[in-house]
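Undergrad: Just so you know, the sequences run in chain order A and B. Heads up: the first sequence begins at -13 in our numbering, then just goes up one per residue. Heads up: the second sequence begins at -13 in our numbering, then just goes up one per residue.
These are computed hints drawn from the structure, not numbers from a lab. Careful, some of the hints might be misleading.
If chains are identical, the list can't say which one is meant, so a pair holds when it fits in one copy or spans any two.
[Claimed, not checked] List time: in silico DMTMM-like cross-link candidates among lysine to aspartate or glutamate, alpha-carbon distance up to 20 angstroms:
1. Lys272 with Asp343
2. Lys4 with Glu(-10)
3. Lys390 with Glu155
4. Lys362 with Asp144
5. Lys65 with Glu80
6. Lys272 with Asp12
Okay, here's what each chain looks like letter by letter:
2 protein chains.
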Amino acid sequence: MNKEIPYKIYLDENEMPKQWYNIRADMKNKPAPLLNPGTLKPMTADELEHVFCKELVQQELNDTDAFFDIPDEILRFYKMYRPSPLVRAYCLEERLQTPAKIYYKFEGNNTSGSHKLNSAIAQAYYAKKQGLKGVTTETGAGQWGTALSMACSYFELDCKVYMVKVSYEQKPFRREVMRTYGASVTPSPSNHTAVGQKILDEHPNTGGSLGCAISEAVEVATTNDGYRYVLGSVLNQVLLHQSIIGLETKAAMDKYEIKPDIIIGCAGGGSNLGGLISPFMGEKLKGLADYDFIAVEPASCPSFTRGKFAYDFCDTGMVCPLSKMYTLGSNFIPSANHAGGLRYHGMSSTLSQLYHDGFIKAVAVEQTSVFEAAQKFARVEGILPAPESSHAIKVAIDEALKCKETGEEKTILFGLTGTGYFDLMAYRKFNDKEMSDYIPTDEDLQNSFDKLPKLS
Amino acid sequence: MNKEIPYKIYLDENEMPKQWYNIRADMKNKPAPLLNPGTLKPMTADELEHVFCKELVQQELNDTDAFFDIPDEILRFYKMYRPSPLVRAYCLEERLQTPAKIYYKFEGNNTSGSHKLNSAIAQAYYAKKQGLKGVTTETGAGQWGTALSMACSYFELDCKVYMVKVSYEQKPFRREVMRTYGASVTPSPSNHTAVGQKILDEHPNTGGSLGCAISEAVEVATTNDGYRYVLGSVLNQVLLHQSIIGLETKAAMDKYEIKPDIIIGCAGGGSNLGGLISPFMGEKLKGLADYDFIAVEPASCPSFTRGKFAYDFCDTGMVCPLSKMYTLGSNFIPSANHAGGLRYHGMSSTLSQLYHDGFIKAVAVEQTSVFEAAQKFARVEGILPAPESSHAIKVAIDEALKCKETGEEKTILFGLTGTGYFDLMAYRKFNDKEMSDYIPTDEDLQNSFDKLPKLS
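In isolation and in its complexed conformation, chain A is listed as follows (with noise of 0.2 angstroms):
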């Protein structure tokens, strides 16, 4: 039997994880490998580190190494923020009134406030490593640039953020945080970089997008002596620093003997969903133990429940290497999500090949709907979450009202991967009742999957 459990659990520092698991171990049907956009043969290291650092190329290649030691110093910068609490949700579950047991693993209670830090801090270790001047990157919403920010000052590292324009004139609370950590942060398109200039050429008036950003900072990483380009989802390596969240609950909850029945997390590029997962779906593959896990994303942004799985570019402007993922086609337009981390076309190759096997279940959900979920979770457990996060919320909610219905104590965790403190302008829209839900047409994807590379 349980013992009793508290309403927040942390593990002891001795009790944290050491290492890294890398899911693609356990994995019988491997992710296929990135494909150079010019060869569409498989990208050898030498040809990925002279965009990303040595070490992380290793990491992103290898997938037969089940763990990986977490060095000594990301271990140590860690135990600043982690081990994050998992909370049992007794307010929430008492409000819903539902027998269902709900458990979250709140990845907010940092100043980046989200999960992003995770692997930040990893990327810029291996960064400093090799004895690099800094690295470069892209940002839209800004959790990303602000986690960076935070792992470069920390190493003393450069770091060079271009951030979409609409957002950087939109969102400068975010631009200041990472100006506080000292990072360089450039509205994007600019006139830096070649593709920049260009793109400002023919649109002198554009707000900009993730995809030119991303062109922009691989062409300053790739052109300057002792640069190289992070990125924040999406990639393999990412996958692996952020098990750290699920090791965590794991291991958590194995010490009060708890199993969850539902795990539940937001999809973008998959770095959240990737890493809550990762631990228990060993357990699945390897026949060990059996969960339901369950993608969200946005309706606006269907990736998993309407996207093909196809090869296609991981950034719009289409210099990137091809990934074998779940895509909307790198030439969909994404609404005006207030969702910004999960507006993304594509999927994290690792989570495409696991939800193509059938590991992985997902749902698409609206906005409004979405909002709904956040405000009555944080008007009883006393947390303002992200967006992003509260697409897991809503399904949760959903989940433990099935609950309700049919009696069934079941054990529901989800990731609260952050909190809504900068989003506060699309809480504004809810409050006063001017959001709106945008789902894409059958039309808007065909013409956006017309347009996918052709391989052979």
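Starting from the structure of chain A, add chain B where the hints point.
TA: Showing chain B alone in chain A's frame:
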């Protein structure tokens, strides 16, 4: 000898304090009573109950009982975001290369972003218990209003917040958090109240002031059935509730056999400082242990270091009772310091008495140096601190650097009251080197002192 100290010490739930501690019970010289501004006689419970909740009035007036049981409903809410971590600042120590050991009690890991929630939930609970419909309050920067809106939402109480108009317009994010938690937020002065209307008639373009917002909130509470007024600092009851900070800190330190030599807190109205030091001060008053207590205030609003110990009005509208305290005069207009929570002309009467009796030291620090300390801290400890909290950081760093000179291995404890996520326009000024320091002249202060009420 000490056990190995983790980066973060979390008490177990069963180690959390079950009672608040009332420092007044152990003071030989009690704080002077509140006076009725009309009769100049001590305010009676009957008089106070027109404005405040009944049970809170009892707490306000009780200077003999050392401990008050924390009601179960409040303990339950505390478990959602408490215990707060006591953090060993290993990274800051290393960066400073100091032999000092630095600890901070971090109160920012909740959506209100500060310690204010500790008293908000208590005040909301007693209002609910009394069967009230709701409460009214004022807010400047918005921390207290946010905390109260969260607490009222939890107990399903109506919450009417009067927010200084200039903040209402400049801090839309705070306003939206409060609205998301269901509070009504009115820019003050408003035409909802007689006092607001009068000010608007005289000064139609005013940006408002905290004093005016207090007057409006008190008017609404006293002229509407089922409402009472609540306040987030200064009062004895608030210090009582905030003793949870110090009690948790002391329990955590005792557990690891740590004894602080110096205890540092920022001081505006005194809610955080009073809460943090309470149990340590109790030991000092009883001669059981010795500690150095340092109150840190902004040089622009130096109540302790340059104020008078005298009876004065708690509000600029001069409708509230008179309190004996260190004050700059209720007519003193604090300059545009970004640490909005420290811009109060007076100080808790309990802390004022302790300071007067020599149990607390005080220092005043300038704004730019505070932000320099904040940035240094943020970069190594991973938390972006509130400007208020950063006053304590500044002096903790100064003390640690003194230890570096002398070689003393002192143990320094400070209160990190909250996060700076809603203060990023202040950080922008700092990042752009547009921040200025302002210190009132002796003449400014004398002009204000001349208007102090004459009691005899």
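Undergrad: Against this structure, judge whether each hint is valid.
TA: Tested hints:
| no. | hint | verdict |
| --- | --- | --- |
| 1 | Lys272 with Asp343 | within (14 angstroms within a copy, 69 angstroms between copies) |
| 2 | Lys4 with Glu(-10) | between (27 angstroms within a copy, 18 angstroms between copies) |
| 3 | Lys390 with Glu155 | neither (45 angstroms within a copy, 43 angstroms between copies) |
| 4 | Lys362 with Asp144 | between (41 angstroms within a copy, 16 angstroms between copies) |
| 5 | Lys65 with Glu80 | between (33 angstroms within a copy, 15 angstroms between copies) |
| 6 | Lys272 with Asp12 | within (7 angstroms within a copy, 63 angstroms between copies) |
When held up to the earlier numbered hints, the structure conflicts with hint 3 and nothing else.
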